[in-house]
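Q: Listed below, chain by chain, are the residues.
2 protein chains.
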Amino acid sequence: MAVLFRHIFQSPPPSSSSSASLPSTKPRPFFCSASASSSMEPHPTKFMEFPYVSTPHKNLMVHLVSTVETRLASHLLPSTLPPDVQYYQNDTATNHASLHIRSGLPSSPIDFILGSWLHCQLPTGGALNITSFSSYLNPSTDAPNFLLELIQSSPTSLVLILDLPPRKDLVLHPDYLKTFYEDTKLDTPRQKLQKLAEVKPYFSSSLYIRSVVSPTAILVRVEAVEGGLSLEEIIENHIGPVAREVLGIWLEQCALGKREVGENEKAELKKRDDLVKRKTIEIDLGSNFPRLFGPDAADRVLGAIREAYRV
Amino acid sequence: MAVLFRHIFQSPPPSSSSSASLPSTKPRPFFCSASASSSMEPHPTKFMEFPYVSTPHKNLMVHLVSTVETRLASHLLPSTLPPDVQYYQNDTATNHASLHIRSGLPSSPIDFILGSWLHCQLPTGGALNITSFSSYLNPSTDAPNFLLELIQSSPTSLVLILDLPPRKDLVLHPDYLKTFYEDTKLDTPRQKLQKLAEVKPYFSSSLYIRSVVSPTAILVRVEAVEGGLSLEEIIENHIGPVAREVLGIWLEQCALGKREVGENEKAELKKRDDLVKRKTIEIDLGSNFPRLFGPDAADRVLGAIREAYRV
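Residue numbers (my numbering), protein chains in the order written: chain Y, 390 to 700; chain Z, 390 to 700.
In isolation and in its complexed conformation, chain Y is listed as follows (with noise of 0.2 Å):
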């Protein structure tokens, strides 16, 4: 979901002040409705609303969220997160959070999709805003997943990280290797990307999720300098093009290409995506999200994460 929360939180805590001074054991107050959002802040319960970033990077994920849900209409379930899990803040009303989940029919290749917006006051006087996206494949197919993540944490600057997640090892599989990353020339997307003299490559300080993307994944920091391009028109000119392409390749290459996987293939898959799912959580979101949103929020979030994981 996050995952480069853990490097952008390393130290210190930003909410230390905050929520987390309080007694873990007092209950809290929640707001969970649009009601109780203040009437001078914008209604941030539709995830769709993205309400905090700029336009292009709004419109950037309300494109990519719709495409998918149209392309892959008959293949997902309706949202069922209960209202406080689709939109929480914690008690100071710092920070916002909008999580959406939409599991995929049985029938269907499609394991789930997962979106979600965060907005935290920083204590340095900024917010960080994180918006990301990701669908997963279940094990009917080996193909790879779909990751984009959006990091801004001023004004100026972002991370992105965006990519096709392989769910083989691709040392051990170098036909799929050839399949779903050289035949489709997903590198050629990051290369474009590399040309902007304000993207540099970004290194996640978790070697495992390092490990977990693909050679052709898009991890860069963006930096917009002054007299150059804005943050704004990078993502509208630059990244948006180049995830649409990504997304274009995942949905026809991988959601809707068909593969053949053996019985024990599928036992093999289920265990390496498992695995990817409770690393995913223990290392972006288990120690972040309760300093964040409190341990009541945390607990309801991660167990609708976990729900839709199936971990």
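Don't read these hints as lab results, they were simulated from the structure.
Please note: incorrect hints may appear among the correct ones.
Because identical chains cannot be distinguished in the list, a pair is counted as satisfied if it fits within a single copy or across any two copies.
In silico EDC-like cross-links for lysine to aspartate or glutamate, where the CA-CA straight-line distance does not exceed 20 Å [stated by the list, open to error]: (1) K581 x E621; (2) K666 x E587; (3) K567 x E671; (4) K567 x D663.
With chain Y's structure known, arrange chain Z on it following the hints.
A: Using the frame of chain Y, we list chain Z on its own:
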């Protein structure tokens, strides 16, 4: 051996105007001993002479190979390579190379060590120098291998590949990732080098090579600029210390660390090791060696490498 061959020689092939234009069926004279070299040239018969690179570059290679041969002396058999594989050149004496292979004793976890250097005149008038040293373990252990390669294609720039390539799928084996990459703090040397202004991440054009390396792999391009550090200074004061540090971790934690490996796991390791070896030959050497050194020398040298690789 030379994991970047294909990228440097992608187009056009550098020696196409010299050796490759000769009819490939014609028997060729081949200089395979010191007496065949011009008396005005360095005396490139012995691998450890590294005759075409700068003193700091040579010193680093000699140090790394000597350290391994001393520390693992009781594990290694003497070299059995014929002289015309230990040193070889092309018909027109524009390209020179040396190979050094020592297999491990049957009782040792060392499969073999493999060193090489290569000097090729480029059509542009410059020269390409590649020096490499790698150490492979056999399936009695699952510990990572060692890989170092320095590819210098101009007096002011080089590509460095330095890694302990894993021998298991790290996604499926997070304990292995922890033992060999997290607990050993293997990312620290990478971070040190990355701080230099002259150092930029390098992306191999082979997605398979990108998949084979670890998440702490050092894959960088070093470009010396006027008024800054020279390439020799960077090798002596930055690359050297980092390479020695990574080799030290490999020697103590991998080559000489005890690991329990069951029979099933040995078979899996062998399958993966063999596949990596076959793919590496295919990617790096198969198409370039005949072009650079003529078909006869290529056959001899690839034959010796395949024998060491046992694939």
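Q: Of the hints given before, which are not true for this structure?
A: 2
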